[in-house]
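Sequence lines, in order, name chains F and E.
Count along the first sequence from 1, then add 1; that gives the number in our numbering.
Count along the second sequence from 1, then add 1; that gives the number in our numbering.
Just so you know, not all the hints are guaranteed correct.
For identical chains, the list gives no copy identity; a pair is met inside one copy or between any two copies.
To be verified - Restricting the straight-line Cα-Cα distance to at most 30 Å, the calculated cross-link-like pairs of lysine-lysine (DSSO-like) are:
#, residue 1, residue 2
1, 193, 44
2, 355, 245
3, 335, 287
4, 157, 245
5, 106, 435
6, 245, 445
7, 124, 287
8, 335, 106
Please keep in mind that the hints were generated in silico from the structure rather than gathered at the bench.
Protein chains: 2
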Amino acid sequence: MSARVLVVDDIPVNVRLLEAKLSAEYYDVITATSGAEALALIKAEPPDIVLLDIMMPEMDGFEVCRRIKADPATALLPVIMVTALNEQSDRVTGLEAGADDFLTKPVRDLALFARLRSLLRVKMLLDELRLREETSRQMNTLRDVEKRDDLLNGQKILFVGDQADEGELIASIFDENSHADMLTDPGEALEKALAEDYDMVFVSLALSAGDPLRLCSHLRSNVSTRHVPILVLVEESEPDQITKALELGVNDYIMQPINFSEARARALTQSSYRRYHDELRGALEKSVDMAFTDGLTGLYNRRYVTRHLASLAQSQGAEDHETALIMVDIDHFKNVNDSYGHDVGDEVLKEISKRLQLIVRGQDLASRLGGEEFLIVVTNATVENAEGVAERIRSDIANEPITASTPSGNVEVTVSVGVAMRHSTTETPDRQLKRADEALYEAKRGGRDRVVMAA
Amino acid sequence: MSARVLVVDDIPVNVRLLEAKLSAEYYDVITATSGAEALALIKAEPPDIVLLDIMMPEMDGFEVCRRIKADPATALLPVIMVTALNEQSDRVTGLEAGADDFLTKPVRDLALFARLRSLLRVKMLLDELRLREETSRQMNTLRDVEKRDDLLNGQKILFVGDQADEGELIASIFDENSHADMLTDPGEALEKALAEDYDMVFVSLALSAGDPLRLCSHLRSNVSTRHVPILVLVEESEPDQITKALELGVNDYIMQPINFSEARARALTQSSYRRYHDELRGALEKSVDMAFTDGLTGLYNRRYVTRHLASLAQSQGAEDHETALIMVDIDHFKNVNDSYGHDVGDEVLKEISKRLQLIVRGQDLASRLGGEEFLIVVTNATVENAEGVAERIRSDIANEPITASTPSGNVEVTVSVGVAMRHSTTETPDRQLKRADEALYEAKRGGRDRVVMAA
Numbered sequence: 002m003s004a005r006v007l008v009v010d011d012i013p014v015n016v017r018l019l020e021a022k023l024s025a026e027y028y029d030v031i032t033a034t035s036g037a038e039a040l041a042l043i044k045a046e047p048p049d050i051v052l053l054d055i056m057m058p059e060m061d062g063f064e065v066c067r068r069i070k071a072d073p074a075t076a077l078l079p080v081i082m083v084t085a086l087n088e089q090s091d092r093v094t095g096l097e098a099g100a101d102d103f104l105t106k107p108v109r110d111l112a113l114f115a116r117l118r119s120l121l122r123v124k125m126l127l128d129e130l131r132l133r134e135e136t137s138r139q140m141n142t143l144r145d146v147e148k149r150d151d152l153l154n155g156q157k158i159l160f161v162g163d164q165a166d167e168g169e170l171i172a173s174i175f176d177e178n179s180h181a182d183m184l185t186d187p188g189e190a191l192e193k194a195l196a197e198d199y200d201m202v203f204v205s206l207a208l209s210a211g212d213p214l215r216l217c218s219h220l221r222s223n224v225s226t227r228h229v230p231i232l233v234l235v236e237e238s239e240p241d242q243i244t245k246a247l248e249l250g251v252n253d254y255i256m257q258p259i260n261f262s263e264a265r266a267r268a269l270t271q272s273s274y275r276r277y278h279d280e281l282r283g284a285l286e287k288s289v290d291m292a293f294t295d296g297l298t299g300l301y302n303r304r305y306v307t308r309h310l311a312s313l314a315q316s317q318g319a320e321d322h323e324t325a326l327i328m329v330d331i332d333h334f335k336n337v338n339d340s341y342g343h344d345v346g347d348e349v350l351k352e353i354s355k356r357l358q359l360i361v362r363g364q365d366l367a368s369r370l371g372g373e374e375f376l377i378v379v380t381n382a383t384v385e386n387a388e389g390v391a392e393r394i395r396s397d398i399a400n401e402p403i404t405a406s407t408p409s410g411n412v413e414v415t416v417s418v419g420v421a422m423r424h425s426t427t428e429t430p431d432r433q434l435k436r437a438d439e440a441l442y443e444a445k446r447g448g449r450d451r452v453v454m455a456a
Numbered sequence: 002m003s004a005r006v007l008v009v010d011d012i013p014v015n016v017r018l019l020e021a022k023l024s025a026e027y028y029d030v031i032t033a034t035s036g037a038e039a040l041a042l043i044k045a046e047p048p049d050i051v052l053l054d055i056m057m058p059e060m061d062g063f064e065v066c067r068r069i070k071a072d073p074a075t076a077l078l079p080v081i082m083v084t085a086l087n088e089q090s091d092r093v094t095g096l097e098a099g100a101d102d103f104l105t106k107p108v109r110d111l112a113l114f115a116r117l118r119s120l121l122r123v124k125m126l127l128d129e130l131r132l133r134e135e136t137s138r139q140m141n142t143l144r145d146v147e148k149r150d151d152l153l154n155g156q157k158i159l160f161v162g163d164q165a166d167e168g169e170l171i172a173s174i175f176d177e178n179s180h181a182d183m184l185t186d187p188g189e190a191l192e193k194a195l196a197e198d199y200d201m202v203f204v205s206l207a208l209s210a211g212d213p214l215r216l217c218s219h220l221r222s223n224v225s226t227r228h229v230p231i232l233v234l235v236e237e238s239e240p241d242q243i244t245k246a247l248e249l250g251v252n253d254y255i256m257q258p259i260n261f262s263e264a265r266a267r268a269l270t271q272s273s274y275r276r277y278h279d280e281l282r283g284a285l286e287k288s289v290d291m292a293f294t295d296g297l298t299g300l301y302n303r304r305y306v307t308r309h310l311a312s313l314a315q316s317q318g319a320e321d322h323e324t325a326l327i328m329v330d331i332d333h334f335k336n337v338n339d340s341y342g343h344d345v346g347d348e349v350l351k352e353i354s355k356r357l358q359l360i361v362r363g364q365d366l367a368s369r370l371g372g373e374e375f376l377i378v379v380t381n382a383t384v385e386n387a388e389g390v391a392e393r394i395r396s397d398i399a400n401e402p403i404t405a406s407t408p409s410g411n412v413e414v415t416v417s418v419g420v421a422m423r424h425s426t427t428e429t430p431d432r433q434l435k436r437a438d439e440a441l442y443e444a445k446r447g448g449r450d451r452v453v454m455a456a
């Protein structure tokens with residue numbers, strides 16, 4: 002997948018060198034020769050990834066990286082530091098500034114392109130979930146504010162490798178509320194990873210009991226482990242293994258012998274992407290739920306049930322079974338509110354919703370249409386089924402007073418119920434709903450606390 | 002990125018051959034030797050992609066493909082047909098059955114892996130948007146029912162190539178309400194693609210005026226054209242060009258000389274993915290909007306404004322400017338409902354919402370708290386600003402009767418307004434809201450149709 006890459010270096014020949022490499026692979030390259038120029042360009046022509054030199058006059062690469070990661074608009078932009086330095090302390094400083102990786106000049110092509118693809122894959126998925134800016138702003142109000150220090154707290158991790166001391170070192174990255182499982186057999190590791198819900202998996206590529214890359218591949222291929230961050234432990238002398246691992250979808254690598262600070266910085270970065278991803282998905286799911294459920298009772302709302310009925314009607318052919326609509330209305334609900342106040346009224350609505358939800362079967366649907374009115378949709382129902390459900394609703398509520406904050410500790414209410422079976426395959430949901438409503442009206446007129454079946 | 006691949010072939014040696022190839026590249030391979038077995042396996046261990054033989058006893062590959070694509074649960078599962086046949090009519094039958102591509106045995110490794118990666122990229126993005134099953138079901142009620150025949154109607158396409166007759170042939174795939182632009186220069190094509198909103202772009206790889214692959218790369222790198230389906234036209238004798246194009250993110254290819262039916266089937270498939278993608282994103286955005294806006298007036302709802310205030314408070318430091326809360330309540334609104342009915346009441350609420358929206362500036366926010374009560378949040382406000390906005394709201398409503406379905410054609414209403422500036426950097430949104438509410442109460446007590454500033 003092509004993408005726009007920003008190359009930042011104060012030495013023009015270095016810029017041109019990387020530009021030529023990337024351009025030959027059909028990346029769209031833009032360039033800057035100072036930190037300030039880079040930051041301006043990021044706003045003007047948003048790149049998908051940044052290759053950033055460290056040693057630059059005025060603003061060095063560390064500072065540029067820090068500013069990119071501090072701005073919410075660009076915090077997710079992947080940054081690879083490219084440098085002549087190969088001091089561990091510099092790598093740690095870079096990673097702690099938020100850099101995603103570190104490549105040493107002269108840059109090996111395979112390593113560069115594998116890294117680009119790997120980081121771009123993650124970015125594309127996140128971009129996809131962020132939707133448009135306005136939506137992203139709305140969803141942000143649903144996200145918890147992320148504390149970077151919290152990211153390694155209470156984590157459940159899996160270490161797969163022969164060296165127990167390496168496992169201990171990895172486990173020590175995480176705080177004491179975390180839990181680490183250590184295994185040496187990749188088959189056993191896969192089984193455990195599928196059964197448990199790990200926050201991060203570490204795989205040593207020096208594993209003797211089987212092929213560690215195959216384990217990574219299986220973890221990526223299974224739906225339940227597809228999104229877990231995987232970090233591989235690898236000898237510095239095995240760059241091709243890193244490339245292969247990144248191509249498989251491994252998120253990052255840690256060089257052996259392990260440096261605590263570097264390993265910790267890399268784990269933090271992965272944990273941070275993971276959490277952001279989970280929060281975005283969570284916020285999306287929450288907002289879809291909110292759009293379709295009633296805030297007070299948690300039942301489906303009128304909006305959802307209306308659409309649901311329309312799509313049922315569309316998919317139902319002549320051979321299909323009947324759909325029953327059961328309309329439920331609390332009798333004299335106004336009296337409850339007037340006597341005990343709205344809070345008690347709300348308690349009653351919630352408790353009745355709970356009882357309705359217990360009565361409906363999995364494929365059926367309970368909704369609150371508004372006020373004290375509910376609608377149950379029962380698919381594939383006979384007249385007897387529907388009448389049975391309706392009668393059970395009525396009696397469940399009539400026979401068991403509702404616990405509420407009243408002097409007596411409860412409220413006695415009854416409901417009236419109207420039921421309409423789908424008349425013919427051409428009947429619209431609106432017409433069927435109207436018949437259920439008329440049956441409900443009959444039940445009210447007949448003295449309430451009763452079920453009436455529409456003709 | 003690794004993934005699970007299902008290989009289906011009735012001849013075991015063929016299965017083993019593909020399995021070995023894929024497994025060596027660390028794909029997770031599952032296998033079936035009949036159509037029925039394949040369909041069962043797809044349910045039991047969902048693969049990410051299917052490699053499907055055509056000639057099989059009992060159920061042939063075309064039928065297996067049709068069944069996969071007809072089931073909503075698996076319609077997005079990419080299918081590559083692998084066959085010894087290379088008859089155009091078979092290719093067309095396969096593509097029309099919904100297959101994503103056609104590979105001829107013996108399968109070239111490069112072509113196979115490029116195709117797998119390209120199809121998996123699209124699938125991963127779609128999977129990401131589908132969220133969990135329940136959410137996906139809810140969102141489906143927001144989608145328009147897709148008619149496959151409609152997919153090539155009213156499309157706006159761009160053809161980039163030297164051969165006008167090829168362009169005409171491509172244009173003829175689409176119905177007469179569609180529009181095709183034809184260009185020969187890739188630079189001009191990029192500019193046009195960035196300016197216009199094309200539904201599909203066709204690029205001939207035999208372009209003489211520049212590098213066609215670079216054009217594809219630029220289209221993929223720009224945010225505004227990132228998701229447009231690109232199909233390249235390529236000579237059958239240039240398989241490496243296909244591989245390269247797929248790696249860049251091109252969606253599909255059409256062999257020259259162009260066969261009308263095959264080109265049409267491929268365009269249909271891409272159009273269908275595109276539409277599904279747009280619908281998913283659209284449904285997500287719509288549901289986020291619905292979660293945060295008031296259904297009647299389109300203003301933000303209480304849920305949103307509450308969260309918005311909380312996040313404002315969190316981000317506001319000592320140096321920040323003031324936030325003003327302006328609470329607006331329609332005077333004697335009950336009389337409107339009682340005299341003219343709820344429909345007229347709703348008209349009044351909508352019209353007042355419209356006027357509020359016209360008065361607030363871009364970064365400010367108008368919301369409906371419920372009933373006839375509204376809240377305006379003005380950031381970076383001085384007392385004078387806030388009072389000015391409040392007074393303008395009051396006078397705008399008092400001076401211009403609201404058009405409504407009443408005997409006189411309108412309704413005269415007034416509003417009372419309470420304004421509270423943020424007291425100190427430690428004041429919570431709740432407390433500030435309470436002061437605005439008290440000011441509103443003062444305005445009501447003082448005779449209505451007036452603005453009161455909280456102390």
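*Looking back at the numbered hints, which does the structure fail to meet, lowest number first?*
Numbers 2, 3, 5, 6 and 8 - these are the hints that the structure violates, sorted from lowest upward.
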